[in-house]
Every structure is written in C-alpha cells, then in structure tokens.
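> Sequence:
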Amino acid sequence: MSTDDFTHRTVHADGLGFHVVTAGEGPTIVLIAGFPQSWYAWRRVIPLLAERHKVIAVDLPGQGDSEKPIGGYDTATTGRRLHALLSELGEHRYVLVGHDIGSWVGYPYAHQYANETRGVVLLDANIPGVTLQPTLTLGPDNWRNWHFLFNPIPDLPEALLAGRERILIEWFFSRKTANFRGTFSSTDIDEYERVYSFLGGMRGMLGYYRAVLEDIEQNASLQNRQLGVPVLALGGDVGSAPDLYERMKPLGRDVRGGVIANSGHYIPEEQPAALVEEITAFVATLEP
1 MSTDDFTHRT VHADGLGFHV VTAGEGPTIV LIAGFPQSWY AWRRVIPLLA ERHKVIAVDL
61 PGQGDSEKPI GGYDTATTGR RLHALLSELG EHRYVLVGHD IGSWVGYPYA HQYANETRGV
121 VLLDANIPGV TLQPTLTLGP DNWRNWHFLF NPIPDLPEAL LAGRERILIE WFFSRKTANF
181 RGTFSSTDID EYERVYSFLG GMRGMLGYYR AVLEDIEQNA SLQNRQLGVP VLALGGDVGS
241 APDLYERMKP LGRDVRGGVI ANSGHYIPEE QPAALVEEIT AFVATLEP
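Sequence positions in the sequence shown follow the UniProt record's numbering and run 1 to 288.
In short, the hints are calculated from the structure, not lab data. Every residue, glycine too, gets a C-beta built ideally from N, C-alpha and C. All the pointers check out, no bait thrown in.
Computed spacing ranges between beta-carbons, pair by pair:
#1 8 to 164: 24 to 30 Å
#2 156 to 249: 36 to 42 Å
#3 194 to 9: 15 to 21 Å
Could you put the whole structure together from the sequences, leaning on the hints where they help?
Shown next as structure tokens:
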C-alpha cells in the first residue's frame, strides 16, 4: 500500500470541516499528530496498521487541511470536536493514538470518553499540567521547550514566521530527530511547509500553545482520579520525553510503555515499524 491508496475527504462536524485520511478494514485506530505537522506524519505508519485495522488519520482543527477556527484550541474543546467527528463517521469504539499535541488531546479525551476509547497511545509528549509543569527552568536541555514560551505570544510569531515557515519546520526536524536526513526528504518538508504557509495555517497550530494554561487548569481536575483506559506511553530514546512511561505510570490503572530505540521526537516517521509493532501488540490485549 502506498499513500496513493489512502482515501482523503472532508467531513463536517461541530461546525468545522475536518480533513480525514482512511485506509484498511478491521478494528479502528485513530491517529492524531502534533506540531508542526499534520496527518502526513503517519504516512509510513498507516500502510502497516491498515493490514489488520481500519485506520483514520485526522487533521485536528487548525492543523493540515482542516479548517482553522479563530479559537477553541484548548484540549477539552478539541476533544469534544474530535468526538463529534468520530460520531459523524459512525465510530464508537476505537484506539486513539496521539503524538505531541495529539497526546495533549488524547490524555483528557481518554478520561472524558472512556466508554468509547479501547485504549490510548501517547507518543513522546510533554502534556501540559501532567508531564509538563507550568514553570520552565533554565538548563542545558531546555532548548527543546523554548517554543512553549514563544508560540503563545499574541501576533508576534505570525509576524516573524510569515514566509519563513520552512526555516522553523527544518529547525525542529533537524534538532529533534536521531537521523534528520534519513527521516525527512525535501518533499516531506514541502508538504509541511504547504499546510503552514497558507492563510491561518500557522495561527491554527499556535493556538494550541496559546491554550496551554487553560489545558493545565483542565488537566488539574483529572489528577485526583486514575485513567481507567489502558495506556501505552512511548518516548524516543533521544526524544523530548524519553521518560514519558515513568511519568505516566502513577496516572493510570493499566499503563505500559518504554522507549523506542534510535528515535528522536518524531517516532512515527523515524521508527514506523517499531512503533507499529508496539501498537499492534498493545491493541491485541484490549477488550473489543
């Protein structure tokens, strides 16, 4: 299966148009990506998962080719919108896989919609108020998180990044991968540049960072109860959150995980086969 075999469509739910990519048949797995990416982050994962599963890759609001609302980027609102989309698609039982911002959404989503979520996979993410605390301190590794302070600033990021989207994208990819040139081609970067260069593209993604303090408040209400949905938490061994599993263990009744070897932050593109092996093994243990 190649990317040409994927089905692309726009589905309207909760007043927004969502870009949705589907492939395969079987139990449903939903994929949601992060910054500065889109459904395209899963292009190497989808064919492997689609051998046994129905795969739905979603551009979240403000991401990729989905609509870009002015507001509503907190993870509770985004989760509600995602749930409306999945209901529109007739999906009421699925495994949710989130990377980066996708994990920010996936964690509270699994709390809110536990009856529909068979399991949740969280990938190399610092989740606001959960594994990422409100205060960032100075340190040799904290260059990884500078954008948490820059991206929320009103208007300035858009002004500075207009026409320079590729510089930003290449900066993240080159510094947060174990093997940049072996992972991302110029064509790959062209696609990410495309979706963040048109009107509202960058504003949409920045919206998630502008809602971080709201996310922290929302997630605080979840800290007093363990997540009942099974969790698979994986970090890249040289990624942004190699300790994700250890930090998630106290927060759920059934938390599994570890690290993906020879991977930076962008696990779905750096180590797709290893990731699919982990996801497939996890899904096989879940209740239908």
